[in-house]
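Trainee: Modelling step: build the complete structure from the supplied sequences, incorporating the hints.
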Amino acid sequence: MNFWVYILRCADGSDYTGRTDNLEKRIAEHQAGQLPGYTCSRRRVTAVYTEACKTREEALASERRIKGWSRKEKEAMMRGDWKEVARLARGGRPSTGSGRTGS
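Reminder that position 41 of the sequence shown reads as 79 in the numbering used here, one-by-one numbering, no gaps.
Because the hints were derived from the structure by calculation, they are not lab data. Don't take every hint at face value.
[What the hints assert, rightly or not] Below 30 Å or equal to it, Euclidean Cα-Cα: the simulated DSS-like pairs (lysine-lysine) are:
#1 Lys105 to Lys121
#2 Lys112 to Lys92
#3 Lys92 to Lys105
#4 Lys121 to Lys92
#5 Lys110 to Lys121
#6 Lys63 to Lys105
#7 Lys92 to Lys63
#8 Lys112 to Lys63
#9 Lys92 to Lys110
#10 Lys63 to Lys110
[To be verified] Estimated spans, in silico, between C-beta atoms of each pair:
#11 Met116 to Tyr76: 17 to 23 Å
#12 Lys110 to Ala66: 27 to 33 Å
#13 Glu67 to Glu96: 19 to 25 Å
#14 Cys78 to Asp119: 29 to 35 Å
#15 Arg81 to Ala127: 27 to 33 Å
Backbone N, C-alpha and C define an ideal beta-carbon position, used for all residues, glycine too.
Mentor: Written out as structure tokens, the structure is:
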């Protein structure tokens, strides 16, 4: 059985991150407004990212990690730009290559 981490883009442009063991059912529930909470008043939702995980614990850890990221980090991850994710995680400043900070 797979567990899933997912990001939904809501009608207002915001994102919702969640996890489930039945991706199709959970997205349909969000879409139908059957889950009270964040997405219920922000429908229509679109899945913009899904990640399969082997265990429930792995899915929970991934969800928590992603929820701690900035929107820019999430957007870079969705593009598959892991270099940019790492750069943003370091504080978002491009390297000068010399170790100087530019001050």
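Trainee: For each hint, tell me whether it holds in the structure or not.
Mentor: Evaluated hints:
1. Lys105 to Lys121: 19 Å, holds
2. Lys112 to Lys92: 21 Å, holds
3. Lys92 to Lys105: Distance of about 19 Å is within 30 Å: holds.
4. Lys121 to Lys92: Measuring from Cα to Cα gives roughly 25 Å; hence the hint holds.
5. Lys110 to Lys121: 12 Å, holds
6. Lys63 to Lys105: The given pair, whose Cα atoms are some 22 Å apart, holds under the 30 Å limit.
7. Lys92 to Lys63: 18 Å, holds
8. Lys112 to Lys63: Cα-Cα ~23 Å, so holds.
9. Lys92 to Lys110: 27 Å, holds
10. Lys63 to Lys110: Status holds; Cα separation ~28 Å.
11. Met116 to Tyr76: 17 to 23 Å: 19 Å, holds
12. Lys110 to Ala66: 27 to 33 Å: 30 Å, holds
13. Glu67 to Glu96: 19 to 25 Å: Cβ of Glu67 to Cβ of Glu96: about 22 Å, so the range 19 to 25 Å holds.
14. Cys78 to Asp119: 29 to 35 Å: Hint holds: Cβ distance 31 Å, inside 29 to 35 Å.
15. Arg81 to Ala127: 27 to 33 Å: 32 Å, holds
Of the numbered hints listed earlier, not one is contradicted by the structure.
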